[in-house]
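Each residue of the sequence shown is one higher than the one before, counting from 1 in UniProt numbering.
Hints were generated in silico from the structure; no laboratory data involved. Among the hints, erroneous ones may be present.
[As the list claims (entries may be wrong)] Distance condition first, Cα-Cα at most 27 Å in a straight line; then the derived DSS-like pairs of lysine-lysine:
hint: 1; residue 1: Lys-68; residue 2: Lys-83
hint: 2; residue 1: Lys-54; residue 2: Lys-6
hint: 3; residue 1: Lys-31; residue 2: Lys-54
hint: 4; residue 1: Lys-83; residue 2: Lys-40
hint: 5; residue 1: Lys-69; residue 2: Lys-40
hint: 6; residue 1: Lys-83; residue 2: Lys-69
hint: 7; residue 1: Lys-40; residue 2: Lys-101
hint: 8; residue 1: Lys-40; residue 2: Lys-97
hint: 9; residue 1: Lys-83; residue 2: Lys-101
hint: 10; residue 1: Lys-54; residue 2: Lys-69
hint: 11; residue 1: Lys-54; residue 2: Lys-40
hint: 12; residue 1: Lys-69; residue 2: Lys-101
hint: 13; residue 1: Lys-6; residue 2: Lys-40
hint: 14; residue 1: Lys-69; residue 2: Lys-26
hint: 15; residue 1: Lys-54; residue 2: Lys-97
hint: 16; residue 1: Lys-31; residue 2: Lys-68
hint: 17; residue 1: Lys-68; residue 2: Lys-101
hint: 18; residue 1: Lys-12; residue 2: Lys-26
hint: 19; residue 1: Lys-31; residue 2: Lys-12
hint: 20; residue 1: Lys-83; residue 2: Lys-97
hint: 21; residue 1: Lys-54; residue 2: Lys-68
hint: 22; residue 1: Lys-54; residue 2: Lys-101
hint: 23; residue 1: Lys-69; residue 2: Lys-31
hint: 24; residue 1: Lys-68; residue 2: Lys-40
Given the structure is predicted, the values throughout are model-derived calculations rather than measurements.
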Amino acid sequence: MDHFEKCFSIFKFQPQWVGRSCPSGKGWTAKRVDLIVVSKSQFAFAVLGWTGTKHFEREIRRYARSEKKIVLTSHGMYDLDMKESYAAETEEDIFNKLGLKYLPPNERCC
1 MDHFEKCFSI
11 FKFQPQWVGR
21 SCPSGKGWTA
31 KRVDLIVVSK
41 SQFAFAVLGW
51 TGTKHFEREI
61 RRYARSEKKI
71 VLTSHGMYDL
81 DMKESYAAET
91 EEDIFNKLGL
101 KYLPPNERCC
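Full structure from sequences and hints, please.
As structure tokens, this is what we get:
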């Protein structure tokens, strides 16, 4: 688990707010919203760590460690051999460093 400040919330929306009927028949729709507060230097790592399935997250971290000797967390990326950390401004930077094709968040479902 990461050490970011978090707020897990569920919002209740009336049908007129979402512009459609509510499929549950309750007259409202609930949406979960997770707010995660991170520093700018950790933003790309946090987005990567919070988007995708658990399986995707586990496998990209496993690949980074076993194939690239890099520890990847939602806080950063660290080279085990060189004993240095890598900066990344975007998720694409992380995928590039790992030698992987970039996958947008909606395609991170394993």
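Comparing the hints with the structure gives:
1. Lys-68 to Lys-83: At roughly 13 Å apart (the allowed maximum being 27 Å), Lys-83 and Lys-68 satisfy the hint.
2. Lys-54 to Lys-6: holds (18 Å)
3. Lys-31 to Lys-54: With a Cα-Cα distance of about 20 Å, the restraint between Lys-31 and Lys-54 holds, given a limit of 27 Å.
4. Lys-83 to Lys-40: holds (22 Å)
5. Lys-69 to Lys-40: Answer holds: Lys-69 to Lys-40 is near 25 Å, not above 27 Å.
6. Lys-83 to Lys-69: holds (10 Å)
7. Lys-40 to Lys-101: Within the cut-off at roughly 24 Å; holds.
8. Lys-40 to Lys-97: holds (19 Å)
9. Lys-83 to Lys-101: At roughly 25 Å apart (the allowed maximum being 27 Å), Lys-101 and Lys-83 satisfy the hint.
10. Lys-54 to Lys-69: OK: Lys-54 and Lys-69 at ~21 Å, within 27 Å.
11. Lys-54 to Lys-40: With Cα atoms ~24 Å apart, Lys-54 and Lys-40 stay inside 27 Å; holds.
12. Lys-69 to Lys-101: holds (18 Å)
13. Lys-6 to Lys-40: Satisfied, since the Cα-Cα distance of roughly 16 Å is no more than 27 Å.
14. Lys-69 to Lys-26: violated (51 Å)
15. Lys-54 to Lys-97: Holds - the C-alpha atoms of Lys-97 and Lys-54 are around 21 Å apart, at most 27 Å.
16. Lys-31 to Lys-68: violated (38 Å)
17. Lys-68 to Lys-101: holds (15 Å)
18. Lys-12 to Lys-26: Holds - the C-alpha atoms of Lys-26 and Lys-12 are around 11 Å apart, at most 27 Å.
19. Lys-31 to Lys-12: At roughly 7 Å apart (the allowed maximum being 27 Å), Lys-12 and Lys-31 satisfy the hint.
20. Lys-83 to Lys-97: With a Cα-Cα distance of about 15 Å, the restraint between Lys-83 and Lys-97 holds, given a limit of 27 Å.
21. Lys-54 to Lys-68: holds (20 Å)
22. Lys-54 to Lys-101: Holds - the C-alpha atoms of Lys-101 and Lys-54 are around 19 Å apart, at most 27 Å.
23. Lys-69 to Lys-31: Roughly 39 Å separates the two Cα atoms, so the pair is violated.
24. Lys-68 to Lys-40: With a Cα-Cα distance of about 25 Å, the restraint between Lys-68 and Lys-40 holds, given a limit of 27 Å.
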